[in-house]
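Visitor: So the chains spell out like this:
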Amino acid sequence: MKLLKFRLINKAGLHARPAAFLVQEAKKFNSQIIIRKGDKSANAKNVLQVLSLGADVGDEIEVIITGNDENEAAQAIQKLLTETLPSMDTEVR
Amino acid sequence: MIILAKGIPINSGIAIGTVKIWERDDILTSIQECKTNNINNEINIINNALNSLKNKINILLRNLNIKEIADILNAHLQIAQSIVEEAINEITDNNDCATSAIKHVTIKYIHELQESGSELIGMRIDDIIDVSSQLISLILNKQLLYDLYITEDKKIILITNYIMPSEVILLRNVLEGLVTEHGGATSHSAILTRSLNVPYIIVPVNTIKAIAKLITDKILIIDGFKGLLILPEEKDSSSLTRIINSIDTLNAQFYDERTNPAVTIDGKHVNILANVGNIEDARLVLEYGGEGIGLLRLEFMYMNRKSPPNEEELFNTLMRISKVINGNEIIVRALDAGGDKPIPYLNITKENNPFLGLRGIRLLLREHQEILINEIKAVLKASAFGKFGFMIPMVSSVNEIIETKKIMREIIEEFDRNNIKYGKILFGIMVEVPSIALIIDKVVNHIDFISLGTNDLTQYIMAADRSNEKVQYLYDELNPSVLRLIYNTVNVAKQHGVRVDVCGEIAGNEIALPILLSFNVDALSMNPVSIPKVKYIIRRLRISDIKSHIIKLLENFNDENDIKNFSITTLIKAIPQFNDLMIIYGNYEHPQQP
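Residue numbers (our numbering), protein chains in the order written: chain H, 1 to 93; chain G, 1001 to 1594.
Be aware that a few hints might be false.
Claimed, not checked - With a straight-line cut-off of 30 Å between C-alpha atoms, the simulated BS3-like cross-links for lysine-lysine are:
#1 G:K1213 to G:K1142
#2 G:K1020 to G:K1155
#3 G:K1006 to G:K1235
#4 G:K1341 to G:K1006
#5 G:K1268 to G:K1494
#6 H:K28 to H:K5
#7 G:K1054 to G:K1067
#8 G:K1323 to H:K5
#9 H:K40 to G:K1306
#10 G:K1056 to H:K27
#11 G:K1405 to G:K1442
#12 G:K1108 to H:K27
#13 G:K1341 to G:K1405
#14 H:K28 to G:K1067
#15 H:K5 to G:K1552
#16 H:K40 to G:K1108
#17 H:K79 to G:K1054
#18 G:K1424 to G:K1387
#19 G:K1323 to H:K40
#20 G:K1387 to H:K28
Bear in mind the hints are in silico, worked out from the structure with no lab data behind them. It should be emphasised that the depicted structure is a prediction, and the values quoted were computed from it without experimental measurement.
Same shape as in the complex, but just chain H (with noise of 0.2 Å):
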C-alpha cells in the first residue's frame, strides 16, 4: 500500500475537468486508489465521488494506492496533481 500526501495546488482544485484528468489517469491502473480529504473518502475510478469530496486549492488530501502496480500509479497520481494540473492553471482561456 502507497499512502501519499498532497496540499493542493492547482487554482481550480478538483472540478470537473481536473477531477476528470484525475479519473483518467487512475483508470490506467489496476490498483485501487482512494481519495481522502478530511473524513470523506472517494474512489478515483469515479468522478462523481471524487468531485463529491469538494477538494479545493489549499485543501490537504490523501491518496492510498493498493495493488500489483501500486508503484506506478503513485507516480503517475504524483505528477499529475503537482505538476499537469497546476500547469493547466496557467493556459489562457
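Please arrange chain G on chain H, whose structure you already have, making use of the hints.
Guide: Then chain G, alone, in the frame of chain H:
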C-alpha cells in the same frame, strides 16, 4: 429603445437577434418512480443509452477544435460512465427501472456536491444534471427543445430559466446572445459562452415571466457590458445589426489585449483591479487581465448562515482568494450590512430610511465590534502571507476612523504581546458619503488610501435613490456636482500622498475614463468583465491633451452635459469604432421604463 431588464454581465459584447423564449420542463422531476422484474433488460437499456451518448459526444469532439469545449465534453464522458455504473447497482440492488435509477443517482450527487463546501464544485451540479438528462432523454426517445433550434438559420437570442453546458455547445452556430435567470460566471455554460464569443447576461428570477408577452419573436439587443436587455425601435434593426457587428469585432480586440498593462500614450499607469463578491468572482480576475482586487466584499461570508464567521474562517477564505489571484493585492472591505442588506442574526432594527441609517462602519462600531475585530485580525494575519489592505464603508465622520484605528492598534499590541505573526496592511476608507469628502483634508493623516464608492456618493449628492426608476434621470455619476466633489477629494488626497482608488460603477464606464484619468486617480476597480475594455481604452488616451480642458469645463460649464460630451468626443477620436457604441448607448441613456 426601452430597457426591459437589468442583470449581471457574464460575458461582454453586444448582440442583436430574434428572441426565442424557452420555458423548459425539467426532465428529472418528470421521472416517476418505477420498478422492474427484468433487471437485464433495464441494464441493456441503460448501456445502450450510454453508448449513444458516448457516440454523440465523440462526434462533437471530432468536429470541434476548441480546447475548453473538449475538456468539458471529456468530463461529461467520465460523468456519464460514473452515473451509469452507479445506476446499474441501483437496478440490481433495488429492482429500479433505468430512468428511476438514473434519477436516484443524480439526486444523491446533487446533495453531495451541494454539501461539498466548494462553490466551484457546486457549479458542476449543472454538468451532472446535464448528463443525466441526456441519458434519460435518450432512453425515452424524447426530443429536446434545443434540437429544434439547431435547424434555425436565423441567429437567435435565447432567453431561458437556465441552460446546460451541452446545450450551449449544440446551439453554438445559432446562438447570438444568451439570457438566463439562474447560473454563475464560473459555470461551464458561462465558460463556453466566452470561448464562443456569445454575450451573456443573468437577469433576476421572474423577469422572463414579466416580459415574455412583450418580446416573443421580437428583435432584441443584449448589452453584455452593462448587463442590459433592450428592445430597439423596429425600424432601426437593420442599421443596428451593422453597428453591432462592428462592436463585436472591437470587443474581440479588447479581450485579445487584456493582459497588456493600462498605460496611457503619455505614460500614465493606472492599476486595474476587480470588484469581487465571492471566491468564484476571484477566479475571473486574472483571466480578464485584472491586477488585483480593489474591493473584496465580505457580505458573502455572512449570508445563508446562523452566526457570523469566526476569525479562522475569514482568514482561510482570504488565503484561498489570495492563492487564486497569485498573491496580488486584495483590498478587503469590512462587512457592509444595514437595513437595506439585512443579515438576520445581526438583529438589525427596521428603519424608515436604511440608506441614512445604521449601516456599514456605523453598525460595526455601535453594535458589532466583535465582527470588526475578527475581520481586522484575519486580514492582519493573512497579510503575513500576501498583500492586503483593509477599508471601512459608509464613513461620515473623522471619529469613526479614529475609533477603528484604535481598535486596530489594540489588536496589534495584543499580537505583539503574544508573538502572533502578522504583516503590514494598508488602511483606508470608502468615500461614499459627501460629509467625509468635504473634510478629506482632516482625514488624510489617518489613512493610506481612499476608495471612491461613486454609486452611493452619487445618490447622496443628488438625493436620488438609484433604485427608484422615476429619479433615474437625476442619478448621474457624471453630473458636474459629483465630478467636482470627486476632483477636490482626489486633489487633496494626492497632495498628502494618499492613494486614490475608484471602485464604483463609474470605474467601468468608458465615458468616465478620460475624466478620472485627468483627475490622476491611481487605481480603478470594477466588475472583472469590464477590465479588458477599460485597459484597451486607457492605452489609447493621451491625458496631457485633454486634462486642462476637462478641468476648465468642470469649473465653467454651460450645460451639465458639457464634460460628458467632451469625453465622448475624446473617446471617438481615440477609437473611431466607439462612435458605434455611443450610437447604441445614446439611444438608451435616459430610458423610459416599460
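Visitor: Confirm or reject each hint.
Guide: Here is how each hint holds up against the structure:
1. G:K1213 to G:K1142: holds, 28 Å
2. G:K1020 to G:K1155: holds, 10 Å
3. G:K1006 to G:K1235: Holds - the C-alpha atoms of K1235 (chain G) and K1006 (chain G) are around 24 Å apart, at most 30 Å.
4. G:K1341 to G:K1006: Distance ~19 Å between K1341 (chain G) and K1006 (chain G) Cα, so the pair holds.
5. G:K1268 to G:K1494: Holds. K1268 (chain G) to K1494 (chain G) sits at ~15 Å (cutoff 30 Å).
6. H:K28 to H:K5: holds, 21 Å
7. G:K1054 to G:K1067: holds, 18 Å
8. G:K1323 to H:K5: Roughly 20 Å between the alpha carbons, so the hint for K1323 (chain G) and K5 (chain H) holds.
9. H:K40 to G:K1306: holds, 24 Å
10. G:K1056 to H:K27: holds, 22 Å
11. G:K1405 to G:K1442: holds, 15 Å
12. G:K1108 to H:K27: Judged against 30 Å, a Cα distance of about 23 Å means the pair holds.
13. G:K1341 to G:K1405: holds, 25 Å
14. H:K28 to G:K1067: holds, 23 Å
15. H:K5 to G:K1552: violated, 65 Å
16. H:K40 to G:K1108: Holds - the C-alpha atoms of K1108 (chain G) and K40 (chain H) are around 15 Å apart, at most 30 Å.
17. H:K79 to G:K1054: holds, 28 Å
18. G:K1424 to G:K1387: Cα-Cα ~8 Å, so holds.
19. G:K1323 to H:K40: holds, 24 Å
20. G:K1387 to H:K28: violated, 42 Å
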